[in-house]
Each structure stands twice: as C-alpha cells, then as structure tokens.
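Enquirer: Chains A and B supply the protein sequences, listed in that same order.
Each residue of the first sequence is one higher than the one before, starting from 178 at the first, in the numbering used here.
Each residue of the second sequence is one higher than the one before, starting from 178 at the first, in the numbering used here.
A portion of the hints provided could be inaccurate.
Identical copies carry no separate label here, and so any pair may be met within one copy or between two of them.
Unchecked claim - For lysine to any residue, the following SDA-like pairs were computed, each having C-alpha atoms within a straight-line distance of at most 25 Å:
#  : residue 1 : residue 2
1  : Lys402    : Asp335
2  : Lys397    : His273
3  : Lys435    : His237
4  : Lys435    : Asp318
5  : Lys481    : Arg420
6  : Lys288    : Asp194
7  : Lys269    : Val228
8  : Lys435    : Arg414
9  : Lys397    : Asn256
10 : Lys480    : Arg414
11 : Lys282    : Lys480
12 : Lys269    : His237
13 : Lys463    : Asn336
14 : Lys282    : Gly296
15 : Lys402    : Tyr236
16 : Lys480    : Glu416
Calculated from the structure, these hints are not laboratory results.
Number of protein chains: 2
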Amino acid sequence: MNFTEELKSLKDQVSFDGRFEPPSDFNNMVIAGMGGSGIAGKIFSEMYDDVPVLSLDDYHVPGYVNDKTVFIAMSYSGNTEEVITSTDEALKRGAHVYAVSSGGKLSEMIKDTLEIPSGLQPRSSLGYMLMPLINTFLQYDDDSVERTISLLDRLDTDNEMQKTMASEIIDGERIPVIYGLSPYRAVAYRWRTQFHENSKILAFSHYFPELDHNEIIPLKSTYRKDLFKFYVLTGGREERNDRRVRVTEDVTGAELRKIEPLGDTLLEKIFYLIHFGDYLTFHLAKLRGVDATDVSTIEELKKKL
Amino acid sequence: MNFTEELKSLKDQVSFDGRFEPPSDFNNMVIAGMGGSGIAGKIFSEMYDDVPVLSLDDYHVPGYVNDKTVFIAMSYSGNTEEVITSTDEALKRGAHVYAVSSGGKLSEMIKDTLEIPSGLQPRSSLGYMLMPLINTFLQYDDDSVERTISLLDRLDTDNEMQKTMASEIIDGERIPVIYGLSPYRAVAYRWRTQFHENSKILAFSHYFPELDHNEIIPLKSTYRKDLFKFYVLTGGREERNDRRVRVTEDVTGAELRKIEPLGDTLLEKIFYLIHFGDYLTFHLAKLRGVDATDVSTIEELKKKL
Chain A
178 MNFTEELKSL KDQVSFDGRF EPPSDFNNMV IAGMGGSGIA GKIFSEMYDD VPVLSLDDYH
238 VPGYVNDKTV FIAMSYSGNT EEVITSTDEA LKRGAHVYAV SSGGKLSEMI KDTLEIPSGL
298 QPRSSLGYML MPLINTFLQY DDDSVERTIS LLDRLDTDNE MQKTMASEII DGERIPVIYG
358 LSPYRAVAYR WRTQFHENSK ILAFSHYFPE LDHNEIIPLK STYRKDLFKF YVLTGGREER
418 NDRRVRVTED VTGAELRKIE PLGDTLLEKI FYLIHFGDYL TFHLAKLRGV DATDVSTIEE
478 LKKKL
Chain B
178 MNFTEELKSL KDQVSFDGRF EPPSDFNNMV IAGMGGSGIA GKIFSEMYDD VPVLSLDDYH
238 VPGYVNDKTV FIAMSYSGNT EEVITSTDEA LKRGAHVYAV SSGGKLSEMI KDTLEIPSGL
298 QPRSSLGYML MPLINTFLQY DDDSVERTIS LLDRLDTDNE MQKTMASEII DGERIPVIYG
358 LSPYRAVAYR WRTQFHENSK ILAFSHYFPE LDHNEIIPLK STYRKDLFKF YVLTGGREER
418 NDRRVRVTED VTGAELRKIE PLGDTLLEKI FYLIHFGDYL TFHLAKLRGV DATDVSTIEE
478 LKKKL
C-alpha cells in the first residue's frame, strides 16, 4: 500500500466495529501506547471522563494500577518495548488488560487482543486504535459515523487547500506551531508528530487557555518571530477559549491561522482535524522531496538500543 | 522585592510547612492551576501515584469528580478565572476542596486555604505551591530538605555556568528545546515557560521515551537544525531512558546538552533542575536587555478578555 492509499484507508477504519468487554466496576483506565500507537489514547482521554484516564507513554506503571484498572495496551507492531514492559507489570497487578495490535508479542501475551490489519504505518492506523475505545466507552450513532466517513472522503478527494498551506511553510522554511483548544489538545500534538514523521521537520504544539499564561509573552516579542507559522484548532468545548484566541491575536499581533473543524459531533470534528493535518504534512513531504513513509531513523535507534 | 531576591527566596520556600488535611478515603486528585501557579501540580503528578492525579489547566472539570475527589486549587493571585470556574464546579460536586493562594476570591471561597506571602511573581512562588503537596502526600526527611536548601543556595551564589549557557543561546538567537525524562517532564515544561516569561523568547519541550517515536526523525533531518539548542534533563527514574538519550544522539547527530541534577533524593534533584532553569532564563533576559519581571502582555490580555 502506498502512502496515499494509507491515508485514504482512514475512512474505512472509522467503520471498524472492534470493542472491548470491560468489567462493570473499574474505577480508572490506563491506555499504554507510544508515538503513532499512543495518539488514540491521548485523543480519547479528552473525549471521555467518567473515570480518570491516563495515556501512558513510558515504562513506569503508576502505583494505583490494580484490579480496579482497565489497562489497554496499544502497539501496532505488538512489539514496542515500553508497552510490553508496562503491560507485563499491569498483568502482575491484576488489572483488566486488553490490547490492540496487528500481531507481535502483545497478541501472544493478551488473550483479549483486537487484531487489526497489518501493512500500515502505525500512525496510519489511528482509526483502528481509536474506534474500539469510542465503540466501547462512548458510542456514536450510525449517522455520525456516516457523516465522519463523508468528511474524510471529502478531504481525500480535495486537499488543495492543505497543499497551498504546505507551500506557505516550505517557502520560508517555517517552523509550525500548533495550538489546540480542549478537546483538541491531542490533535494538535498529532499534527506536531505528523510534521515530524511525514515532513521530517521540527514542529511544536501547546494549548489554550494555558498558553495565555506563558507563551503569549514571546508570541508578542520573541526574536525570529517571522520564522514560525502558528495554527489554532478552534471550535472546541468552551466558547471562552475561542474568545481567548481572538484576544491573544489582538494583544500579540501574531497571526494565528484558525482551523475550524467541519461536522456536528465531536467524532466528526476530531477526525476532520486529524485528516486535515495528515494531508498538510503529506503535501509538505512531497514539496520537500522527502519520503513520508521513511522511518529509518526510528528503526536504526531500535536496533542500537 | 527585585527579581534576584525573588529567585533567592526559593530556598526559604522549601522550608514552608503548610499542609492539607485530606480525608482518608479519597480515590483521585485534581490540582487546578494555570501557568506559574499550575506548574507545582504538574511536577507533583510525576512524583506521586498512589491515586490518579490530574493537573487541570482548563475550565472543564472532569465528569468523575465527586466526593471521593481531593481538589486542590492553586492561584497565586487567587483570582485566576479558569481556577475560580473549576473550583466552583468542584464544590458543587461535593469534592474535598483545598486551596493555596496569597489572597483574592479563592481564599474567600475556600475555608481550607493556605495563605502564602504576596509580592512575588506567581512563577517565583513554586516552593510555596509545591511543598504543601509534598508535605501532605509524600514527606521527605529533614536532611533531604536541608540538602535541597544547600543546593539552591549554591546556585544562588554561583550561576556563572548558566550565564555562559545563556550567552550561547543569544549569540545565534537560538531556539531552546528542552527534553525531560520521567520524572522531569514537567520540569522541562517549567524551563520552557521560564524562557517565555523571563527571557521573552519562544522555547519548546518534549520528553523521552515518547520523542524517540516521532521527534527523533526531524532531530536528524529537519531544516534549520542549527537554529535550535537542545537540552536534556537526565538522571531520571529509568536507566533505560538514559541509554535512549545516548543512542538518540548517536543516531541523529544532534547535540543534546545533558543537564544532570545534583542531589540524592528526588526532592533535591527536582528543585536543583528547576533553579538551574531559573538562572539560565534570567541571565538570558539580562543579556537580551529585557525585563524578566515584565508580564504586561498577560495583564493586557486579562483586561481585554
């Protein structure tokens, strides 16, 4: 599958009906995953708050994990060392452990593994990772899923705007900085990492309203300000934060390019914003003449560790 | 108090014996605070994991907050709108609410408020905010507290190295990027925000091992790589992460300046790293000829909101 086909597979992944069978009486949740396999947990932790949800991207399992914990291990390869280490510990603690992977050690370790198709880049499997969380703990009606698929299809068909935006980045060799409003903080981080992996450039992210208490100062007066290109993922949960975006622009004079999600439900909006960033970073890779699928640096690291 | 005196007051703050009186049967904790008043909760959430701890830097209170929640509101001024909003909601949910502030609305709203001295910048009151959390939920022996004070005093007396490092940033108008290892992720973020508020320049942060799954790629091959100055706060909980730092340097060819904390206990190490960053960013402000205490951009924003 080439990378364009990978991108286009996202809309099919939204129909994935995998789900977990958690016990009725858990009181906290840990979703372990690194990089492209960790982003689903980070996004989900902003969508669901009936119990505390930790997106775990390290080796260390918190002391509170026990038999009241739902622990979901996500690793596309099934062999990510941080996830294997933490999952092993979670099993010892008696947590209810589930997994999503395309194979590897993880599916041998965990009986309740949702097996997903192999052959993708881990970061291109976000739908397969996110939908089981949504299907199990949130549920959206079929209409919302259908509309999400339409929105993604629309981006697959027409992404000229993202191409134009990519050319604005490459022209001045700009450094993208993406700001998210709740519940799009993790989507802003997703954009950052797609710039890393697809476009091979450094990019950064932060979020409102927190940045109004610190980053707003250099937004006004940093050196090299023209080098940066600022994006804000708007239309979040609190209208107050949208007002903050406008006043922040006013006070700092910084140009914050606002990306307003299409769609009615959170499901549509989140997938729209995700896919918007997918195409932006993919076009930037093409314009830079780099291979969006090349992750040899990560492979070399894993070999040498 | 001038800013040098503010910095020097940190070592006295470590002796602050304020503490909360939480109930015995809580099962999760939320620490609400923004910017300079939010950093204590972020740091603490990496030190303590007997129950899930959320560092809340937004308006929205998670659905799970109820009478089994310890909710600690931190606002130096006592008037931060996000914190007032979330605290109000936490009270309605029946949470056990405590506060730390130097006055304002918060101390009127919350009977159990630890009043701390006024007259500091919020970010200079980190000791007053962090120590009550440590005193209540972690406890360190007096020796460790004494050694922490000595380490801070040492930095107050000799910070020539931080001045030299600041000059390396200003010379090329570099962009600092700080990487933290657990449990120094939030300290890396603290450095970032001190660059923002003290030095008035954009700076960014990320953490190991997560960055080995994404940011490592542009660390090798981004454009404008020479513009950045990378720091790693090392000597964390997992030796495996220290190995990752070395291999990441090897694979990417990026120069990662390692900052190794002095001290034996986590208390000493964390305060040492914090104060190291305080002086680095303060010297950078002086070298840039900007006023480290000037936060007029934030004040203007608050007025216009």
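Enquirer: For each hint, tell me whether it holds in the structure or not.
Expert: Do the hints match the structure? See the list:
{"no.": "1", "hint": "Lys402 / Asp335", "result": "neither (31 Å within a copy, 33 Å between copies)"}
{"no.": "2", "hint": "Lys397 / His273", "result": "neither (48 Å within a copy, 39 Å between copies)"}
{"no.": "3", "hint": "Lys435 / His237", "result": "between (37 Å within a copy, 22 Å between copies)"}
{"no.": "4", "hint": "Lys435 / Asp318", "result": "neither (29 Å within a copy, 50 Å between copies)"}
{"no.": "5", "hint": "Lys481 / Arg420", "result": "between (48 Å within a copy, 10 Å between copies)"}
{"no.": "6", "hint": "Lys288 / Asp194", "result": "within (18 Å within a copy, 50 Å between copies)"}
{"no.": "7", "hint": "Lys269 / Val228", "result": "both (22 Å within a copy, 18 Å between copies)"}
{"no.": "8", "hint": "Lys435 / Arg414", "result": "within (16 Å within a copy, 39 Å between copies)"}
{"no.": "9", "hint": "Lys397 / Asn256", "result": "between (45 Å within a copy, 24 Å between copies)"}
{"no.": "10", "hint": "Lys480 / Arg414", "result": "between (43 Å within a copy, 23 Å between copies)"}
{"no.": "11", "hint": "Lys282 / Lys480", "result": "within (17 Å within a copy, 56 Å between copies)"}
{"no.": "12", "hint": "Lys269 / His237", "result": "within (13 Å within a copy, 34 Å between copies)"}
{"no.": "13", "hint": "Lys463 / Asn336", "result": "within (13 Å within a copy, 47 Å between copies)"}
{"no.": "14", "hint": "Lys282 / Gly296", "result": "within (17 Å within a copy, 57 Å between copies)"}
{"no.": "15", "hint": "Lys402 / Tyr236", "result": "neither (37 Å within a copy, 29 Å between copies)"}
{"no.": "16", "hint": "Lys480 / Glu416", "result": "between (47 Å within a copy, 18 Å between copies)"}
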